Structures are given as C-alpha cells and as structure tokens.
Amino acid sequence: MSADAKKNRPDPMTPLDDLIGQYADMPPGNFRYCPGCGLGMAQSALMRAFHRLDLDISQVASAGGSGCYAVMAHYFKSNHVHGSHGRACAVATGMKLANPELTVLTLQGDGDCLAIGGNHFIHAARRNIDITVICFNNFGFGDTGGQLAPTTPKGSVTETSPFGMPEEAFDPCKLAIGAGASFVARSTVAHPVHLTKTLAEAIAWKGFAFVEVLQHCHVLWGRRNGMPEAMDMLNFYREKSAFNTAAISEEECFGSPIYEPDGEQDINFVLGVLHKEQRPELGEELAKLRQRVKGDAS
Amino acid sequence: MTRQLLFGNHAFCEGAIAAGVRFYAGYPITPATEIAEFMSRRMFEVDGTYIQMEDELASLNAVMGASVTGVKSVTASAGPGMALIQNELGQAVVAEIPAVVINVGRAGPGIGNATRSGQMEVMQARYGPNGECPAVAISPATVEEAFWLTIKAVNLSETLRTVVIVLAEGLLGLQRAVVDLPDYSTIEQTERPRPTMPPSEYSGAYIANELTDVPPVADFGTGYKTILNTVGIQPRGGGDGSTQGGRLENQDFTIRRLHEKILSRKDEVIMTERHQTEDAEVVYIAFGTQAQSAYLAMQQARAKSVKAGMLRLITIWPFPEDAVRECCAKARLVVVPEMNLGQVRMLVVNALADTEAKVVGVNHVDSTYILPEEILAKTEEFLP
Amino acid sequence: MKSEIRIAGIGGQGLVSASVVLAEALGVVRDFQVVQTQFYASNITGGASCGDVVVADENITFPWVLEPDLLIALAQDAVDGHGAKMRPGTTVIADDIMVTNLSLFGEDVTVHWAPLTRTADEVGSRRCANIVALGALSQLTGLLDLAQVSKAVASRAPGKPETNRRAVEAGYALQLTPAEGRAA
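Protein chains in written order, with numbering that gives the first Met the number 0: chain Y, 0 to 297; chain P, 0 to 383; chain L, 0 to 183.
The hints are simulated quantities; they were obtained by calculation from the structure and are not laboratory data.
Just so we're clear, the structure is a prediction, and the values are computed from it rather than from any experiment.
Even for Gly, the Cβ is constructed at its ideal location relative to N, Cα and C.
Hints may be right or wrong, so weigh each one.
Unchecked claim - Where chain L lies over chain P, by a calculated footprint (3+ residues, C-beta under 8 Å):
hint, segment
1, 2-11
2, 172-179
3, 286-292
Whenever a hint applies, use it, and build me the whole structure from the sequences.
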C-alpha cells in the first residue's frame with residue numbers, strides 16, 4: 000500500500016473532535032445518557048463509521064422509536080423520524096423505497112427492535128430492503144427503568160424478573176439470519192475499533208444489514224447482577240467475547256446468553272460478521288418491476 | 000374527460016393518483032382490500048411504489064417514512080385495522096407528517112362483520128388516538144365524490160401538515176357508478192410548506208411563532224437537517240421562534256397549535272351541503288351515503304307540505320358546528336340518520352344546546368341503509 | 000326513465016359480474032346514469048347473493064335497489080329472498096331448472112321462464128348462465144341491442160371471449176313468454 004493510500008484511508012479511531020463539526024449536533028446542556036452509558040461509546044463508533052465511509056450526513060436518514068437510545072439521532076446532523084415505539088423498520092422501509100438515494104438506518108434498542116417491533120424487524124429482513132438496523136442491546140428496557148426484554152439473559156435480575164429471568168432470551172443475530180437478513184454482525188462497545196469497522200461494513204452493505212451492538216447498562220442491569228460500574232460490564236464483554244474465526248464452529252456463534260456469574264461457559268458472545276449472503280434487494284427489484292410495467296404499457 | 004364505470008374503492012385510488020400520490024402501503028382488509036389490489040397495479044404504472052406491509056401499523060409507518068422524503072403517500076384500512084393504527088395516526092399528527100388514511104367502514108366492534116358496512120368510526124376519528132389529537136375527516140357520499148374528496152384530502156394533508164382521514168363506508172367502497180374522470184394534469188395540487196432559507200439558517204421542522212402556523216419542513220435528503228418527533232423529547236420550536244424553549248411551555252404550545260392550525264382554516268377545511276334549510280322547521284343532518292336517504296326524505300316531506308331541509312356534513316372533523324346552528328335556526332325538530340347508534344347526533348345535540356330544537360336519530364347497525372320512509376316516520380312521530 | 004334491476008341467485012353464479020357488465024353496457028356503451036351495488040355473504044361460493052343496477056336518464060339520488068322492477072332469478076334462493084319485494088306490474092326472468100316455486104310472487108308480477116342454465120350448458124359452460132341472462136334481459140326489455148350488450152361483455156368479462164360471445168347471442172335469441180296462469 001502506498002503512503003498516499005494509507006493516508007487517505009480513515010483511521011478507525013480518528014479523534015472525535017475532528018468529526019463533531021462534520022457529523023454531530025451537540026445538545027445544549029448535558030447529554031441525556033447516564034454517566035458511563037455505553038450509548039455514548041456506540042455513538043462515537045457510529046460517527047467514525049460515517050467518517051470511514053465518507054458519508055454526506057445530509058443524505059443519511061434514520062428512524063427510531065422509544066428507549067434510552069432514542070435521543071441519539073437528535074445528536075447527529077442527519078435526518079430522523081422519531082416515531083412510535085418499535086416501528087422504525089417500517090418507517091425506514093418507506094423512506095428507502097420513496098428515496099433510494101438516502102442511506103437509511105434504524106437506531107433501535109433491544110426491546111424496541113425485538114419485542115414490540117419484532118414483526119417489522121423480521122419482515123424488513125425478509126424483504127432484504129437496503130437499510131441498516133442497529134440494535135443497541137442492553138439486556139432490558141432502560142428508558143422505563145430496567146424491566147426484562149426478550150434479550151434479558153436467563154436467570155438475571157430485572158425490575159420485572161426479581162427472582163431471575165425465567166424465560167429464554169433471543170439471540171438477535173440468529174433471529175435476523177432466520178428471517179433472511181443478508182448481513183448480520185455483532186460487536187460490543189468494549190471493542191470500539193471492531194465496532195466502528197463493523198458498523199461501516201454494515202452501512203455499506205447493499206441489502207438488509209443487522210448489527211447487534213452489546214451496549215452495557217450498568218445502572219439498571221449491571222447493578223442488579225453484580226456489575227455496578229461501567230468498567231465491570233466492559234470487562235465482562237471483553238472476557239466473555241471471542242472474535243469470529245474459522246476456529247469457532249457455526250454452532251458456537253449463536254446461543255442466547257445465560258447469566259451464570261460463576262458458570263463454566265467461557266464465551267457468551269461471538270463477535271464479527273456472522274452471516275453474509277448477496278440477495279436481490281427490494282428497491283432494485285421494484286425498480287425493475289416499474290420498468291417492466293411501463294414496457295408492457297407502451 | 001373519460002367516462003367509465005368506476006368502482007368506489009378504485010375511485011379513492013384514482014383520486015389519490017390525480018392528487019400526486021406516488022406511494023401506497025397497505026394490508027388486505029375487507030371492505031378496503033380492492034384499494035390495495037388496485038394500487039399494487041396502478042402505483043407502478045405511474046412510477047410510484049406499492050408495498051404490502053406486515054400489518055396496518057407497519058403500513059401507516061411506511062407511509063410516514065415515504066412522506067418525509069416529500070412523496071405524497073396514502074394507506075387504507077377498515078374496522079380493526081383502523082383500531083390498530085390509532086397510535087400511528089397520533090404519531091403522524093404530532094410529528095406533523097402529511098398522510099391520508101382511507102377508512103372504508105365495516106360494522107361492529109372487534110373483528111366486527113367484515114363484509115358489512117357501517118359509519119361507526121365518527122368518534123374514533125377524533126378521539127381514537129391518545130393525547131388530545133386533532134382530526135380532519137371528510138366523508139364522500141358517491142363514487143364520484145370518492146374521487147374528488149380524496150384529492151381534497153391529499154391537498155389538505157399537505158397544506159395542514161397533518162393526517163386527513165377519508166371516512167367512507169363499505170356501501171360506497173363496493174359500489175360502482177358511471178363517472179367522468181378529468182385529465183389529471185388539470186387537477187390542482189398543493190404542497191406542504193418547505194423552507195425558503197438556506198440549510199444553515201433552518202432550525203428544524205417546528206419553528207412556529209403563532210398558534211395558527213404550519214411550519215415549513217424540509218424533505219429528507221435535500222441538504223437540511225430535519226428531525227420529526229414528538230413533544231417533550233427534545234425542545235421543539237416554541238412561541239418565541241427559538242428551538243431552545245423549555246419543555247413544558249413547548250408541549251402546551253405544540254398541542255394547542257396542532258389544533259389551531261386546523262381550526263383557524265375552517266373556510267378551507269369545513270365543507271357542507273345545504274338544501275332548503277332557510278325556512279326549515281325540520282332539518283335532516285346526515286353524512287356519507289346515508290345523506291342520499293336524507294335528501295329523498297326531505298323531498299318527500301316537502302311534497303307533504305312539511306317545511307323540511309337537509310344539511311349534509313362533508314367534513315365531519317372539525318365538526319361543522321356553525322353550519323349546524325345556521326341550518327337549524329328555525330328548526331323545531333332535527334333528525335340525524337346514521338349507521339351507528341348516534342355519534343353525529345351527540346355532536347348535533349351539543350351544537351344545538353342553546354336552542355329548543357328536539358334532536359332525534361334514525362340508527363341502523365344491521366348494515367342496511369336507512370330508508371327515506373324511516374326518516375319520515377320519525378318526523379311524524381316527533382314533529383310537535 | 001328509471002329502472003331498478005336485480006340479478007339474484009347464490010354466490011358463485013357470477014351475479015355481481017353480470018351486474019357490472021350490465022352497468023357498463025347501460026352507463027358507458029349507452030349514456031345512462033348508472034349505479035351498481037351488490038350483496039353477498041362472506042363466503043366466495045354459496046349463500047344468497049345479488050348484483051343490483053339502478054339506471055336512469057337523470058341524476059341518481061338514491062343508489063340502492065329498493066323494489067326491483069326487473070328481477071333475474073338464477074336460483075330458488077333469489078325468489079325466496081326477493082320475491083315478496085316485487086311491485087305489481089314488474090317483470091321476472093326465472094331460470095327454468097334452478098327455480099321451482101313461484102308462489103312468493105304476487106299475481107300481478109309477470110314471470111318469464113327462461114332456460115338460462117340449460118342454454119349455458121349448450122354453449123359449453125354452465126358458468127356463463129349469467130351472460131345468457133344478460134342477453135335475454137336485453138332482448139326482453141329492449142334497453143340494449145345485441146351489439147351494445149356484446150360490447151360490454153367483451154370489455155368487462157374478457158375471459159373466455161368466444162364462450163361469452165356465444166352465450167350472450169344465445170340469450171338474446173331466447174323467445175321468452177310469460178308463465179301461464181299469471182297476468183301478462
């Protein structure tokens with residue numbers, strides 16, 4: 000690689016100060032995130048991913064609903080629909096079909112995306128519409144005070160599972176693949192370089208891309224489960240994660256996390272691109288259909 | 000002009016297309032299904048997009064997504080589908096995203112009776128969504144009007160930046176009539192207010208100074224930063240024209256403005272049709288297809304020397320209270336025939352609270368249309 | 000001129016389709032004002048069903064058929080459901096094998112027995128009895144000539160054009176006579 004090419008390729012860890020003017024709209028006063036919240040780290044990674052792709056932020060449109068993450072889009076210079084809880088995939092589908100030039104994202108929490116919005120999520124994946132669904136998984140409902148979600152690890156304590164979560168959790172990535180997503184990846188806020196690269200690859204992907212971002216909530220989930228500090232949870236992600244390599248069998252890539260603090264399971268989260276498969280994209284298929292209908296008419 | 004035998008549900012579609020709609024998202028539901036079926040063909044013929052979503056609320060959300068890019072968008076539903084989308088209706092109204100929803104009314108609560116007709120969502124249109132959500136609802140009586148009023152609905156949704164409901168009935172949606180359709184290039188189309196300032200001076204889609212303002216909004220992807228949201232998450236433009244107002248102040252201002260921007264344009268929004276109400280001692284007030292029964296009843300009553308008049312409510316919401324009061328100025332008896340148990344009657348009673356007029360209803364919930372004889376019988380029964 | 004026409008029978012007999020063809024013929028091929036409506040049960044086939052056409056030479060203020068002055072009865076269900084609503088002096092075309100009991104009609108209703116289903120069988124498909132009926136109705140009432148009704152059949156019932164053409168012609172050729180023992 001020539002020295003020039005190296006210079007032009009954005010460093011995944013470009014200092015944030017250089018990017019804020021270009022991509023961010025800083026809120027007056029404080030951020031609405033709790034101190035130490037993983038969302039700020041996720042937002043930094045997203046901004047660096049925009050930079051890595053050299054995106055025109057005015058051509059980025061996102062959709063979101065209710066949850067702690069909901070204010071994130073307000074802090075970007077992009078366009079955003081803050082819609083009703085869980086329906087972001089449907090809003091994004093309308094945006095992308097009506098204006099295919101837009102780079103369309105959904106910013107969703109795990110409850111928003113997989114509980115109330117599960118139906119829209121699987122159908123958007125099935126259609127392979129060219130949107131990127133970014134799901135910030137903090138193991139529960141944060142905005143309402145820490146209740147269980149479909150991603151809450153079995154056995155862990157939340158406000159609505161005081162005796163331990165009795166249900167099995169979704170593996171969001173497995174669900175996405177099952178529903179037909181053509182790009183599926185997982186990362187965590189404890190792996191910022193990896194997260195940045197993964198988000199950039201997902202946004203650049205033509206078709207439905209899904210990224211599960213493990214984003215700690217030490218305030219509501221960690222505190223009740225033996226990890227009261229942000230660093231406790233970041234260390235938890237680091238210790239219990241492995242990067243997806245050929246050495247890991249496909250079976251091991253998935254599996255809903257079971258919360259056993261002293262359990263024998265070494266690896267809870269396999270990170271990386273877990274699935275990639277080129278399929279016809281809905282918007283392009285409809286464009287072809289339009290041409291065909293016009294051809295028939297003339 | 001082309002003369003054709005037009006299906007009611009297709010008339011809504013043609014009206015939407017004539018008004019510039021190029022995006023339709025829907026979900027099959029009797030008796031509105033033919034709208035989706037027809038649009039799945041027509042949208043592609045006019046370079047638009049049709050998508051069948053996974054449910055009604057996905058449909059209205061997709062419509063919102065398309066609308067924010069500047070593409071005029073429509074969905075249609077009925078009965079339980081309308082119940083399902085109440086939250087999304089409210090969301091589109093509060094975010095001020097133009098959209099049109101066609102409700103081809105069926106009968107009964109819950110799943111109700113799919114193939115039968117009703118006028119049972121009058122109150123739902125206004126009071127269905129949570130949080131004091133204003134409504135604009137207009138109700139066509141004939142197939143030809145289904146065409147013209149859908150155009151009107153699309154235009155109103157744009158100028159007001161709100162949701163307009165076309166409150167129709169299965170009896171109309173499943174009816175065919177001969178209609179002379181105009182050349183669509185002659186149809187007047189209106190557009191939502193868009194910013195005239197450069198992006199650097201644009202501070203969002205909610206900068207209003209007066210309660211009556213409809214603030215300009217930039218389409219996504221045009222170089223402006225536009226965030227469409229609800230009240231209270233982040234400050235929305237307030238009465239001082241800044242984006243930095245306090246939350247409570249803005250909530251009050253925003254909710255009042257959502258109503259006032261509509262109510263202050265009554266001339267544009269409220270449509271009624273009056274027949275012989277000047278001297279009327281008996282006034283029939285009806286809407287939708289049932290207005291045709293009321294019109295016949297009025298003619299038959301006049302033939303019997305009863306001073307009867309008729310007021311048709313084309314706009315249901317905002318409720319045309321002034322028209323009701325004017326038409327009933329000399330009325331001793333008001334009869335409201337409707338295919339529900341008295342939803343418009345309740346509004347008429349409210350409007351005429353300060354008068355002596357007696358207000359009675361003729362109410363069908365068996366999905367049969369009301370006969371003129373029934374209205375006349377009610378007239379004879381109650382006329383003092 | 001104003002007429003209320005009802006084509007009645009059971010679901011699956013093409014009653015609504017026939018009423019749409021008739022409305023097209025009267026409203027578009029000819030220049031009348033027309034409204035077409037229907038009634039059907041929620042099942043696709045079976046159950047009492049009908050297609051209605053109101054036709055007038057002036058604006059139609061009431062779109063529904065209140066009391067038909069012309070009834071095509073393609074099944075006994077049609078007579079059972081609508082027979083009592085027929086006004087004096089009105090006309091019925093009754094299928095001579097699908098309808099068996101006329102007792103619900105008043106004495107002053109003119110009933111014409113017509114081999115609609117049998118003619119459809121001869122044309123090659125029992126499913127085109129509805130089109131045979133339109134031919135018979137046109138001939139009997141003089142509202143439409145053969146070319147006019149044929150044109151509407153071709154544009155509104157484009158499937159199986161050859162069978163439909165023969166069906167409408169065979170229907171138009173039927174010589175209908177009032178049933179005996181009833182007022183002409």
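We went through each hint and held it up to the structure:
1. 2-11: holds (count 3)
2. 172-179: holds (count 5)
3. 286-292: It holds, with 3 qualifying residues against the three required.
The earlier numbered hints are all upheld by this structure, with none contradicted.
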